[in-house]
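Undergrad: Here is how the chains run, residue by residue.
Number of protein chains: 2
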Amino acid sequence: MKRIAIDMDDVIANPLSKHLALFNKTYNENITIQDLEGKYLTEIRPNLKEEIMNIYTEPTFFRDLDVIEGSQEVIKELSQHYEIFIVTAAMEIPPSFTSKYEWLKDHFNFLNERNFVFCGDKSIIKADYLIDDNSRHFKRFDGQGILFTNPYNIYETGYFRVDNWQEVKDYFLK
Amino acid sequence: MKRIAIDMDDVIANPLSKHLALFNKTYNENITIQDLEGKYLTEIRPNLKEEIMNIYTEPTFFRDLDVIEGSQEVIKELSQHYEIFIVTAAMEIPPSFTSKYEWLKDHFNFLNERNFVFCGDKSIIKADYLIDDNSRHFKRFDGQGILFTNPYNIYETGYFRVDNWQEVKDYFLK
Numbered sequence: 477m478k479r480i481a482i483d484m485d486d487v488i489a490n491p492l493s494k495h496l497a498l499f500n501k502t503y504n505e506n507i508t509i510q511d512l513e514g515k516y517l518t519e520i521r522p523n524l525k526e527e528i529m530n531i532y533t534e535p536t537f538f539r540d541l542d543v544i545e546g547s548q549e550v551i552k553e554l555s556q557h558y559e560i561f562i563v564t565a566a567m568e569i570p571p572s573f574t575s576k577y578e579w580l581k582d583h584f585n586f587l588n589e590r591n592f593v594f595c596g597d598k599s600i601i602k603a604d605y606l607i608d609d610n611s612r613h614f615k616r617f618d619g620q621g622i623l624f625t626n627p628y629n630i631y632e633t634g635y636f637r638v639d640n641w642q643e644v645k646d647y648f649l650k
Numbered sequence: 477m478k479r480i481a482i483d484m485d486d487v488i489a490n491p492l493s494k495h496l497a498l499f500n501k502t503y504n505e506n507i508t509i510q511d512l513e514g515k516y517l518t519e520i521r522p523n524l525k526e527e528i529m530n531i532y533t534e535p536t537f538f539r540d541l542d543v544i545e546g547s548q549e550v551i552k553e554l555s556q557h558y559e560i561f562i563v564t565a566a567m568e569i570p571p572s573f574t575s576k577y578e579w580l581k582d583h584f585n586f587l588n589e590r591n592f593v594f595c596g597d598k599s600i601i602k603a604d605y606l607i608d609d610n611s612r613h614f615k616r617f618d619g620q621g622i623l624f625t626n627p628y629n630i631y632e633t634g635y636f637r638v639d640n641w642q643e644v645k646d647y648f649l650k
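Going line by line, the protein sequences match chains A and B. Heads up, the first sequence is in the working numbering, so the first residue is 477 and it goes up one at a time. Heads up, the second sequence is in the working numbering, so the first residue is 477 and it goes up one at a time.
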C-alpha cells in the first residue's frame with residue numbers, strides 16, 4: 477500500500493482566514509486574502525513581523541480552525557487505498573501541540589493518532605507522496621511532492637500543483 | 477551526511493526509574509528494576525494495567541526525567557558527523573507533548589528543534605539508523621535498527637544491540 481503524507485495548515489485546516497481576521501481587527505487593517513497573492517503577511521507588514529507571528533502562539537489559536545473544503549471526504553476515501561499520515565511542522569509553534577492534536581481527533585477521527593506526526597524538518601518523512609502548501613518541504617523529499625495552492629504560493633512554478641481536494645481525488649483515484 | 481534517528485524514552489531520557497518509584501510508592505509495592513527483566517510492569521501486575529499507564533499521563537511526568545548516562549556527550553559528538561533526529565512515539569501520550577519538548581530544549585539544546593519528531597508509527601521515519609529500545613519500530617524500518625538495552629528487552633535476539641552510549645560511540649565513531 478503506497479503512502480501519502482498530508483500537511484495540516486492550509487491543506488486540511490485553515491489558519492489563514494482566522495489569522496488575517498485577527499490581525500485586521502487587532503491592528504485596524506483591511507488586508508484581504510487577495511493581497512496575500514505571492515507573498516506573506518510579514519512581507520506586507522515587515523514592521524509587525526513579531527506581532528504577526530505571535531498570533532499563532534496563542535495556545536488555542538489552532539483549536540477551532542475551519543476544515544478545508546473536501547479534505548475530510550477525500551482523505552476518508554483515499555484511506556481505503558493508501559496509507560495516510562498527517563504531517564505538520566508543529567515544532568515551529570510548540571504551544572500549538574495540544575490544539576492541533578485535539579483538532580485532528582475532532583475532524584479526522586477516522587485516522588489513527590499513530591499516523592499523526594509533529595515535526596519540523598519534513599525531510600525525515602518517508603512517504604510516496606507529500607501534499608503540502610510549502611514547497612521548501614519538497615527539496616529533500618524522495619517521493620512526489622504535490623503543491624496545494626494557496627495565495628502565497630500562487631506564482632510558484634516547477635511543482636505538480638493541485639488547487640483543491642477534488643483535484644487530489646482525481647489524481648489519486650481516477 | 478548519514479542520518480541517525482534516536483528514540484527518547486529509555487534511550488536518552490529515563491522514565492523507567494521514576495515510573496517504578498511512583499508505582500511502588502502509590503501501591504505500596506517493592507518491585508525492582510531486576511523484576512522487569514524480560515517483561516513490562518503491566519505483565520507483572522495486569523490487574524493494575526490502567527493505573528500503571530495513567531502514571532504516564534500526568535502532564536509533568538516527562539518534564540524532570542534523568543538523562544541517560546553518556547547520551548548528551550555522545551550525541552553532541554555524533555552530531556558533528558551525522559544528521560541527528562530525536563524521534564519519540566509521543567502520540568501515545570498526548571499530555572506529554574509540552575514536557576517532552578521542554579525537556580529536549582533543556583538537555584539537548586545543541587540540537588535544533590526542527591530535528592525533533594513526535595509521532596506514533598515510526599515507519600514514517602526516513603533515516604539510515606534508528607536507535608530504539610523497542611524492536612517493534614524496526615519491523616518496517618528500512619535502515620539499520622540498533623536495539624538499546626533495557627530490562628524488558630534483555631532477552632530479545634535477532635537485533636544489533638548496544639548496552640550503553642559508549643557502545644553507540646564505538647559503533648559510529650571508531
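Heads up, some of the hints might be wrong.
[Said to hold, decoys possible] Short derived list, chain A residues pointing at chain B, Cβ under 7 Å: (1) Tyr558; (2) Phe561; (3) Phe573; (4) Phe592; (5) Phe594.
Source of the hints: derived by calculation from the structure; they are not laboratory data. We put the CB at the ideal spot given by N, CA and C, even for glycine.
Undergrad: All hints are to be evaluated individually against the structure, with a verdict given for each.
TA: Verification of the hints:
1. Tyr558: Since chain B brings no Cβ nearer than about 13 Å to A/Tyr558, farther than 7 Å, the hint is violated.
2. Phe561: Because about 5 Å separates A/Phe561 from the closest Cβ in chain B, which is inside the 7 Å limit, the hint holds.
3. Phe573: Hint holds; A/Phe573 Cβ to chain B Cβ min 4 Å, cut 7 Å.
4. Phe592: holds (5 Å)
5. Phe594: This hint holds: A/Phe594 lies near chain B, its Cβ roughly 4 Å from the closest one there, short of 7 Å.
Of the numbered hints listed earlier, the single one contradicted by the structure is hint 1.
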